[in-house]
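Since the structure of chain E is provided, determine the placement of chains A, F and X on it from the hints.
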Amino acid sequence: MSVKLVYFAWVRERIGKPEESVDLPAAVVTVTDLIAWLTMRGEEYAYAFENGPLIRTAIDKAHVKHDSPVAGAREIAFFPPMTGG
Amino acid sequence: MSVKLVYFAWVRERIGKPEESVDLPAAVVTVTDLIAWLTMRGEEYAYAFENGPLIRTAIDKAHVKHDSPVAGAREIAFFPPMTGG
Amino acid sequence: MFAVHVQTEDFDIAAEQKKLCARRLDIGAVVTFTGLCRDEQGTLTALELEHYPGMAEEEMGRVLDDARGRWPLDGAVLIHRFGKIAPGENIVLVVTASRHRTAAFAAAEFLMDYLKTRAPFWKKEHRKDGSRGGWVEAKDADDQALEKWSGRP
Amino acid sequence: MFAVHVQTEDFDIAAEQKKLCARRLDIGAVVTFTGLCRDEQGTLTALELEHYPGMAEEEMGRVLDDARGRWPLDGAVLIHRFGKIAPGENIVLVVTASRHRTAAFAAAEFLMDYLKTRAPFWKKEHRKDGSRGGWVEAKDADDQALEKWSGRP
Chain E
816 MSVKLVYFAW
826 VRERIGKPEE
836 SVDLPAAVVT
846 VTDLIAWLTM
856 RGEEYAYAFE
866 NGPLIRTAID
876 KAHVKHDSPV
886 AGAREIAFFP
896 PMTGG
Chain A
816 MSVKLVYFAW
826 VRERIGKPEE
836 SVDLPAAVVT
846 VTDLIAWLTM
856 RGEEYAYAFE
866 NGPLIRTAID
876 KAHVKHDSPV
886 AGAREIAFFP
896 PMTGG
Chain F
5 MFAVHVQTED
15 FDIAAEQKKL
25 CARRLDIGAV
35 VTFTGLCRDE
45 QGTLTALELE
55 HYPGMAEEEM
65 GRVLDDARGR
75 WPLDGAVLIH
85 RFGKIAPGEN
95 IVLVVTASRH
105 RTAAFAAAEF
115 LMDYLKTRAP
125 FWKKEHRKDG
135 SRGGWVEAKD
145 ADDQALEKWS
155 GRP
Chain X
5 MFAVHVQTED
15 FDIAAEQKKL
25 CARRLDIGAV
35 VTFTGLCRDE
45 QGTLTALELE
55 HYPGMAEEEM
65 GRVLDDARGR
75 WPLDGAVLIH
85 RFGKIAPGEN
95 IVLVVTASRH
105 RTAAFAAAEF
115 LMDYLKTRAP
125 FWKKEHRKDG
135 SRGGWVEAKD
145 ADDQALEKWS
155 GRP
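Chains as they are written, first to last, in my numbering: chain E, 816 to 900; chain A, 816 to 900; chain F, 5 to 157; chain X, 5 to 157.
The following block holds chain E by itself, in its conformation from the complex:
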């Protein structure tokens, strides 16, 4: 499954790019699986996700929890806790 990943704030800075398209292996079922899979792709990812549970995730522009399935997602976003307002 091909999906667009987008990154914001220090997650974007640590990974070194704002977005990319990836082909997910079938073993990646949930957001937690996706984070684990990304972490193994290189040290920039390991750095970005070193506090994995802290990282917030959105699927198709809506907040989701880490146990949410990624099946059918077109765009998955990772970012730190928000500091707007």
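Read the hints as simulated data drawn from the structure, not as lab findings.
Here a beta-carbon is modelled for each residue, glycine too, at the ideal position from N, C-alpha and C.
Hints are supplied without guarantee of correctness; some may be wrong.
FRET-style restraints, in silico, Cβ to Cβ [said to hold, decoys possible]:
1) X:G58 / E:G831: 31 to 37 Å
2) E:N866 / F:Q148: 44 to 50 Å
3) E:P868 / X:G138: 18 to 24 Å
4) F:T12 / A:R829: 23 to 29 Å
5) F:K22 / A:L869: 40 to 46 Å
6) X:D14 / E:G887: 49 to 55 Å
7) F:R27 / E:V837: 48 to 54 Å
With a cut-off of at most 20 Å between alpha-carbon atoms, the simulated DMTMM-like pairs for lysine to aspartate or glutamate come out as follows [as the list claims (entries may be wrong)]:
8) A:K880 / F:D146
9) F:K152 / F:D70
10) F:K22 / X:D147
11) X:K143 / F:D30
12) X:K128 / X:D14
13) F:K22 / X:D78
14) A:K819 / A:D838
15) X:K22 / X:D70
16) E:K880 / X:D147
17) A:K876 / F:D30
18) X:K22 / F:D43
Covered by chain X, per the in silico footprint, the following chain F stretches (three or more residues, Cβ under 8 Å) [stated by the list, open to error]:
19) 25-31
20) 42-49
21) 103-114
Chains A, F and X alone, transformed into the frame defined by chain E:
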């Protein structure tokens, strides 16, 4: 003791004047006494103070309760519950 | 800046807010409350606001002092109009400024609750059909609103 | 009128409030909240606000829908700026309009609490001394602020 009395809103309308100066007899000690004394001065006062405990009072431009003494007051105001804001 | 005004003229919320924040970099939150003249039935020509000159300003000042004793405010303005006010027009403005939003919100709501029940203003209705407009009655809800501030913050 | 805007330009609180109340006689209370860029130490040149385009608007719309489900609002506007914002400048605006003040106050505070924790914006500091400005950290106080809305109103 001579004191200025001022009236607002429907208290003013019922009494028929915005203010007056009165000489208080020595028996008038508290606001409650003053209301009772005014009530006996005529039916316009009786009408204004027919629900005496409802009427609010200020002495020298600060809210007071009806058991407050009137001694030393320069200006005593009577008015309905406030409806500003 | 802390200020209280009782006036017939309308007010400009943006100008008041700007004055409060002028040359300051420590204000993070500004709350304004505007109370307007409603006329849902379309029966009013105006509300007429009577006030007790002198006491109105003094009492608004005391309410403002109460608020400053409860929250760390960096500025506040209270403006209450009197005279005839047409439906849709402004009646009252509260502006509060603080470092953080919690204080600004709480102080603004406190100030309105207390203005409603302590500031010497009375509203009389003027009706389109010429019938004798009555004095607006005080609401129990306004007295009850004060209860939430006892023992707080 | 209900509206959400994400923009680089500043906003005008008086103009937004006027739009909300235009041609309406049923609005008795308008609350505005303005969040500003603070710099008490005098060390900042600017805050830079990054956002997630598309999601920011959608999430602000969802927060607004939540508020409309809780209080009888007659109108509301949410505006959040992004890009570089200098100390003393506006960052965020919430305006709520209702018949009565209680709903307008509660909805405005609710909207700010939820915008803070749900709208995808991130602040980065740019410092005068050229040192690498850090990303502002999320505050526990902001998460805790949400607790007061569970089970309310």
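Taking the CB of F:R27 and the CB of E:V837, does the distance hold inside 48 to 54 Å? Holds, at about 51 Å.
Verify this for me: three or more residues of the region 25-31 of chain F with a beta carbon less than 8 Å from a beta carbon of chain X. The restraint on the region 25-31 of chain F holds, since 5 of its residues have a Cβ under 8 Å from chain X and three suffice.
Holds or violated: are the alpha carbons of A:K880 and F:D146 at most 20 Å from each other? holds (19 Å)
Distance restraint evaluation - X:D14, E:G887, Cβ atoms, bounds 49 to 55 Å: violated (40 Å)
Please work out if X:K143 and F:D30 have their alpha carbons no farther apart than 20 Å. With a Cα-Cα distance of about 18 Å, the restraint between X:K143 and F:D30 holds, given a limit of 20 Å.
Regarding F:T12 and A:R829, is the given constraint of 23 to 29 Å on their beta-carbon distance met? Taking Cβ atoms as reference, F:T12 and A:R829 lie about 26 Å apart, which means the hint holds.
For the pair we were handed, A:K876 and F:D30, check the Cα-Cα distance against 20 Å. violated (36 Å)
Check the hint pairing E:K880 with X:D147 against an upper bound of 20 Å on the C-alpha distance. Holds - the C-alpha atoms of X:D147 and E:K880 are around 16 Å apart, at most 20 Å.
Is the straight-line distance between the alpha-carbon of F:K22 and that of X:D147 20 Å or less? violated (30 Å)
Just to make sure I understand the rule, a stretch counts as covered if three or more of its residues have a C-beta closer than 8 Å to a C-beta of the chain. Does the region 42-49 of chain F meet that for chain X? holds (count 4)
So if I understand the rule, the pair passes when the alpha-carbon distance is 20 Å or less; does X:K22 with F:D43 pass? holds (17 Å)
Does the structure keep X:K128 and X:D14 at a Cα separation of 20 Å or less? holds (19 Å)
The earlier numbered hints that this structure contradicts are 1, 6, 10, 13, 15, 17.
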